[in-house]
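Required output: the full structure, derived from the provided sequences and hints.
Chain residues, written in single-letter form:
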Amino acid sequence: MEDEAAHVLLIEDNPGDADLVRLRLVESKSAVHVNCVPRLSDALACLDVETPALVLLDLNLPDSRGAETFRRIRQKAPNVPVVILSGQDDQALAMKAVQQGVQDYLVKGDVTSKQLERALRYAVERQGLLRSLEINRKQQLEFKNQFLSHVSHELRTPLTCIQQYVTLLLDGLAGPMAPDQTDHLKTVLKSVNQLHAMIRDLLEATRADSGKLHIEPRCIAIGELIEQAVAMMRPAAAEKRVGLEVGVDQTIPLVYADPDRALEVLINLIDNGIKFTPAEGSVVVKAAMVETDPAAVYLSVSDTGRGIPQEALPLVFERLYQDPNAVDGNRAGLGLGLFIAKEIVTLHGGRMWVASQQGSGSTFSFTLPIYSLAKLLVPVIVDKGRLRKAMVLVRVELTALPKSLRGSWRETCARCLELLRRCVYVDKDLVLPPMATSALVETFFVVASTDMERVNIMMDRIRGQVGALPQLKASGTLRVAAEPIPAPPAADPRTLEQQIWGVADCVTEIIQQGLWSGHNFSEKENQEHAH
Amino acid sequence: MLTESCKEGRPMNRAKIMVVDDDPDLRQALSLRLRANHFDTVNVCDGYSAIAMGQKEHPQLIILDLGLPAGDGFAVLKNLREYPALAGIPVIVLTARDPEANEKRTLEAGAVAFFQKPADNEELLGAIRACL
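Read top to bottom, the protein sequences are chains Y and R.
The first sequence runs contiguously to residue 531 in our numbering.
The second sequence runs contiguously to residue 1132 in our numbering.
No lab work stands behind these hints: they were computed from the structure.
Among the clues, some could well be false.
[Stated by the list, open to error] Chain Y is faced by these chain R residues, among others (derived, beta-carbon under 10 Å):
(1) Lys1056
(2) Leu1086
(3) Ala1087
(4) Leu1094
(5) Thr1095
(6) Leu1107
(7) Phe1114
(8) Pro1118
(9) Ala1119
No residue lacks a Cβ here, since even glycine has one placed at the ideal position from N, Cα and C.
Have a look at this one:
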């Protein structure tokens, strides 16, 4: 240990054992300062305040036992070396803890001061080494990701140049083209687009690797999203003379997912399906509920292609996997598409898998969570095991001016949502996930577990803060309104769960039916323009 | 055929667009496409010239790259705001940089739209027309 007195946190509930360890430490003449606590909770509190050079830990404490004790310490102070003090009878447990990252273990009553000193010194050194290895690994990963990100961006500039001049020629802006020349240029443009897709995939995979892939879940109608994906892929299917069909169960509930990302996954799977299906074959996209899993919607894309060999099935979601039998004309991408798709689904809390019969086709399936208003509402509408007395639904409507740009309008709406979240109380109010609505009108809803008086204050705050956003002032208008949610009767015979469902149904009804009578607000108060 | 001059046969009332990009080939291609779509163009290659030329030429719209010598795109956006004559000109950012890290920042700095290169020509033209 270092020359300065090292700080050791001794976590031991047996005073005799604690004294013995102290004694050994004094005998060893190491300059250590020992802080002894008898309980895990005390130890965690100590670790909040200061970081010791080392933790000496008895696994069995009054408030925690076994491996869990170490896990909690590790969670609190991942970089502090831990040495276990074990009894004669729990050495197996101590050994197991070593496998999980404990630096060493000493058997109580069997320790000489020399052993103790040596164990402590080595534990600190080993932990330092581990830590520098870990830092090194992270730096390498970061470097790799930065490198890939840099390269992908640098590739974009020459790619843009090719795309620009090819489209200039194709559009006849540099003089008329012969039909052959047009055909050749179209081939160039197709390759440019493939290259562009590869660069995009490379960046996405890099993001997934470094945990920077983001999703913004919304409440979406998955059937519409499937129709959109299918419409986008129809030309490709028609060109290959592959049928493209949809089978969506009409009773499918709303899904809680990022619409852009979910669309990306669907397009990826449909594109693969078309690519690996011969002419006259077909690709079918389905969405259905499964009785055993009511919290998710099951989506699948099936094709009548040649299928995937059994041994390749576990590999298809791996990075850089490519079908070794891909025939010419099916120019493969980077082999990142399915990896990214699976990452996206996993981020949503869903699963993705594949079933395939060689010679008769493959089915890629994935799940997305259904949108459960009741589940989202619980933390704000339930207080001490009961429903809160007053609840109000606040509607914040943003309408784009006709001239605003699609891209920046979406960005403006996202900023407004951010500001809106700052106008509410986290524990009492819930900003509902945005609905995928029309491109020009964005409506946000807030469930406020409070009375009209405080809602009025909240609405003023929303008008003041969201309405003051310069981007919104330039491109749209704001309207804020409120509607009380009918409270359940005082002597409600229903269970709490049923009552929550009742509130969720009620909120859904107000939203869907547009029951904005505005009887609490005059028209003047209802209409608040950003201008 | 592909010249940077934009003076030839200029009819009245054509909107003037300033293209700020340090890549001469891209500048030229974009300029050519804009002129084919009945816009006048002024091309500049760095952040300093963007402000200087902006004051001289008074474009109705600016297409701005982010990675530029002599004052990057963010500096240009900031500087534009400081000149009352330039502060009202809509700016469309066209860059190879990542939208995730840059889109929000450029819009907050005053740009009206963000496009990543390579951008779809029709979408870009649509955004330009919406600004004018």
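Hint-by-hint comparison with the structure:
1. Lys1056: Interface hint status for lysine 1056 of chain R: violated (27 Å vs cutoff 10 Å).
2. Leu1086: For leucine 1086 of chain R, the interface hint is violated, since the closest Cβ of chain Y sits about 17 Å away, which is over 10 Å.
3. Ala1087: Hint on alanine 1087 of chain R: violated, closest Cβ of chain Y at ~12 Å, above 10 Å.
4. Leu1094: Leucine 1094 of chain R check passes; min Cβ-Cβ to chain Y is 9 Å, inside 10 Å.
5. Thr1095: The hint holds - threonine 1095 of chain R has a Cβ within 10 Å of chain Y, the shortest such distance being about 9 Å.
6. Leu1107: For leucine 1107 of chain R, the interface hint holds, since the closest Cβ of chain Y sits about 5 Å away, which is under 10 Å.
7. Phe1114: Given a least distance of 6 Å, the restraint on phenylalanine 1114 of chain R holds.
8. Pro1118: holds (4 Å)
9. Ala1119: holds (8 Å)
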